[in-house]
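Protein chains in written order, with the numbering used here: chain A, 31 to 432; chain B, 31 to 432.
There's no promise every hint is true.
The list treats identical chains as interchangeable, and a pair is accepted whether it falls inside one copy or across any two copies.
[To be verified] Below are the DSS-like pairs computed for lysine-lysine, each with C-alpha atoms no more than 27 Å apart in a straight line:
1. Lys228 <-> Lys173
2. Lys269 <-> Lys294
3. Lys118 <-> Lys368
4. Lys346 <-> Lys104
5. Lys228 <-> Lys307
6. Lys118 <-> Lys228
7. Lys117 <-> Lys228
8. Lys199 <-> Lys228
By construction, these hints were calculated from the structure, which means they are not laboratory data.
Number of protein chains: 2
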Amino acid sequence: MALLLEDALAILLRKIQLQGKNPIPLEECYQRVLAEDIVAEMDFPPFDRSPLDGYAVRMVDVQEASFTQPVVLKQVDDVPAGSVPSKKIEAGQATRIMTGAKIPEGANAVIRLEDIEVNQDRVSIFAPVDIANICRQGEEIRKGEIVLRQGTVLRDGALGMLAMLGQAKPLVYDQPKVAILATGTELIGVDQPLSPGKIRNSNNYMLMAKVREAGCQPILLGQVCDDLELIEQKLTGHKNIAMYITTGGASVGDYDLMEQLFVKLNIPMLFTRLAMKPGMPVMAGYWRDTLLVALSGNPASANVSFEALLRPVLRKMSGATVFERPISRATLKKAFTKPSLSRRFVWAHCEFEDGILYAEPMRFQGNGMLAGMLQVNALLDIPADSDCLQIGTEVEARLLVD
Amino acid sequence: MALLLEDALAILLRKIQLQGKNPIPLEECYQRVLAEDIVAEMDFPPFDRSPLDGYAVRMVDVQEASFTQPVVLKQVDDVPAGSVPSKKIEAGQATRIMTGAKIPEGANAVIRLEDIEVNQDRVSIFAPVDIANICRQGEEIRKGEIVLRQGTVLRDGALGMLAMLGQAKPLVYDQPKVAILATGTELIGVDQPLSPGKIRNSNNYMLMAKVREAGCQPILLGQVCDDLELIEQKLTGHKNIAMYITTGGASVGDYDLMEQLFVKLNIPMLFTRLAMKPGMPVMAGYWRDTLLVALSGNPASANVSFEALLRPVLRKMSGATVFERPISRATLKKAFTKPSLSRRFVWAHCEFEDGILYAEPMRFQGNGMLAGMLQVNALLDIPADSDCLQIGTEVEARLLVD
Chain A
31 MALLLEDALA ILLRKIQLQG KNPIPLEECY QRVLAEDIVA EMDFPPFDRS PLDGYAVRMV
91 DVQEASFTQP VVLKQVDDVP AGSVPSKKIE AGQATRIMTG AKIPEGANAV IRLEDIEVNQ
151 DRVSIFAPVD IANICRQGEE IRKGEIVLRQ GTVLRDGALG MLAMLGQAKP LVYDQPKVAI
211 LATGTELIGV DQPLSPGKIR NSNNYMLMAK VREAGCQPIL LGQVCDDLEL IEQKLTGHKN
271 IAMYITTGGA SVGDYDLMEQ LFVKLNIPML FTRLAMKPGM PVMAGYWRDT LLVALSGNPA
331 SANVSFEALL RPVLRKMSGA TVFERPISRA TLKKAFTKPS LSRRFVWAHC EFEDGILYAE
391 PMRFQGNGML AGMLQVNALL DIPADSDCLQ IGTEVEARLL VD
Chain B
31 MALLLEDALA ILLRKIQLQG KNPIPLEECY QRVLAEDIVA EMDFPPFDRS PLDGYAVRMV
91 DVQEASFTQP VVLKQVDDVP AGSVPSKKIE AGQATRIMTG AKIPEGANAV IRLEDIEVNQ
151 DRVSIFAPVD IANICRQGEE IRKGEIVLRQ GTVLRDGALG MLAMLGQAKP LVYDQPKVAI
211 LATGTELIGV DQPLSPGKIR NSNNYMLMAK VREAGCQPIL LGQVCDDLEL IEQKLTGHKN
271 IAMYITTGGA SVGDYDLMEQ LFVKLNIPML FTRLAMKPGM PVMAGYWRDT LLVALSGNPA
331 SANVSFEALL RPVLRKMSGA TVFERPISRA TLKKAFTKPS LSRRFVWAHC EFEDGILYAE
391 PMRFQGNGML AGMLQVNALL DIPADSDCLQ IGTEVEARLL VD
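Please model the entire structure based on the sequences and the hints provided.
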């Protein structure tokens, strides 16, 4: 009855509702997802411009220049950046020009300041010019071109580009809000003292980090004991939630209430478990059109279910066009001695050495453990029916980066 | 006179001032840097506990069990998660126990619910038990152990761990504030219309993204024309700035005022240029104990200087113990046809194929261009005096991930 991860993912990805779009100030756009194509309204550079500080000249004038017989031109104009040339260059003339400034008419090359001797308005040039040294109008962007596409995640280059194009308030997708509730009578808040049989609600904070890493907004609903009414109460009354995630009560025990919750809330169950470990227990369905997903209360299990199944869904909801992690092969640097009947995701730290990606499986791989996740930057995807994996074995690694 | 990047970096890293430390609520700690070692005050798990829903038994009682001759035990207790066992198990007895609950005294194994038949208080077991199925007290963490070290970046695993340990307000480093000012008479704000000779201030937004990606807090000072007084004014009066970054006016032209600014502000210059392209112009010094760095106004140049030189400095200032990017070898998927006299950083997109990391150099590599940075996830580090690089050449890649 357990579903392949890929099949479960396909089911959820099929019914994605994109978030709303809103224009927001550029200074708040870091890592947001662009919700429109951006078309250039003009060429960039908007004119032929100088890439350096120097003198604009006519190549033909300096073709006989040499160290012993420099060509001397007459400076007729001076164009600081931010200004425009006022004079056309004629034979024997040059214009002082700063980085980024517009090339004067008549000139077809720029010689850099360091290669020139200047004496009042006499400019001595000691060598011919064989390259123009000019940034051409439109060489970076052509008018009418789509410069940035809808779905682009806005980082340094894209933000600079939006600024260059004058997009002070680009249209971006709203960040999906993800409500996170931990269920379990054994749970207490992080600021409460432990008493016998109790443990603190760590899943809220662990999943908060995962949700933020996925570019979404976590809404922490805290913890609630194993009581159907209370669980429903906690989940009710929040606005504009894109996904509800619960932890706990998702496997087979009779204190496991999530199945009953789905019945009570009249949520048709899309699936109840995935064919993988950790992260097998996953109940998913639509509660009044919003995805409600019940994960295991075991931290490692909840984390892997989120990572493998829910993160791509949330990235796609966010409007991003790339929503899967990069996958690589990695070579085991330490053996992984647990044979796997099921497909198994193994916490690992990957590092390049001499161009080869090595993976070191973490010591702690238990379902109930958080320790295995520290220093992790990859999940190794070990196929079902695998034997012990020796040092040097090549495995598939999901890299926990964009 | 140009300094090796590595030498310049060493100069700056030598004199790092760590930020202040403050306790902040756990829900705000994502990606913050831990400013203290966290020591476990008790074992975790705090007691032997069950990893699943089932029955706690004595192994010896069930060693003769078989499908045809099941062993029948008497249920004497029921321990939901969050409760504690009230009875010791004697010969012939069993206790119903939920995931995470404490193992009752006397029991040394847990049999999962699915393998048991229950009829009122009679519990039938159909096979002997060969593994205990018990999570041992302290198997994840031992009392007194340092669980998380100062300098750890707080992500999912670490945040869950802090919650588990009851650290509701961990001590973290303040985020360095980085003031960013673009200089240049040609610059206008992002919301202003272009006029002849003018370009918009894109560097503020590009560097804002880089600063945020480095875990720091950008303070955008906008743009200012090439006027020493105005530049000083713009830089003055901000509190608790960890680094000032200016763009523009950092190379050799006589409109390049940053050198004069350093003199005016009485800042001894640590260095003025790095032996690399782009990103060569970098003037750095301490202005009343705060690092002031003048970068080129060319976007690609400013970005590479920041990435290669300033990001590691800011990460170390933030308290992070890992502050360098991962470096790998990558195989060129497209030729890079520009011979490099200088060491050159090349914008590239890297992708794994069959376990090999391939790098595709971007089409736009110009100093003055932003277009090359779109879709980039690596900088290729091409040594000085390199010829054209053919397809298949192995190069060094700095991966723009943590």
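Violated hints - listed by number, lowest first: Hints 3, 4 not satisfied by this model.
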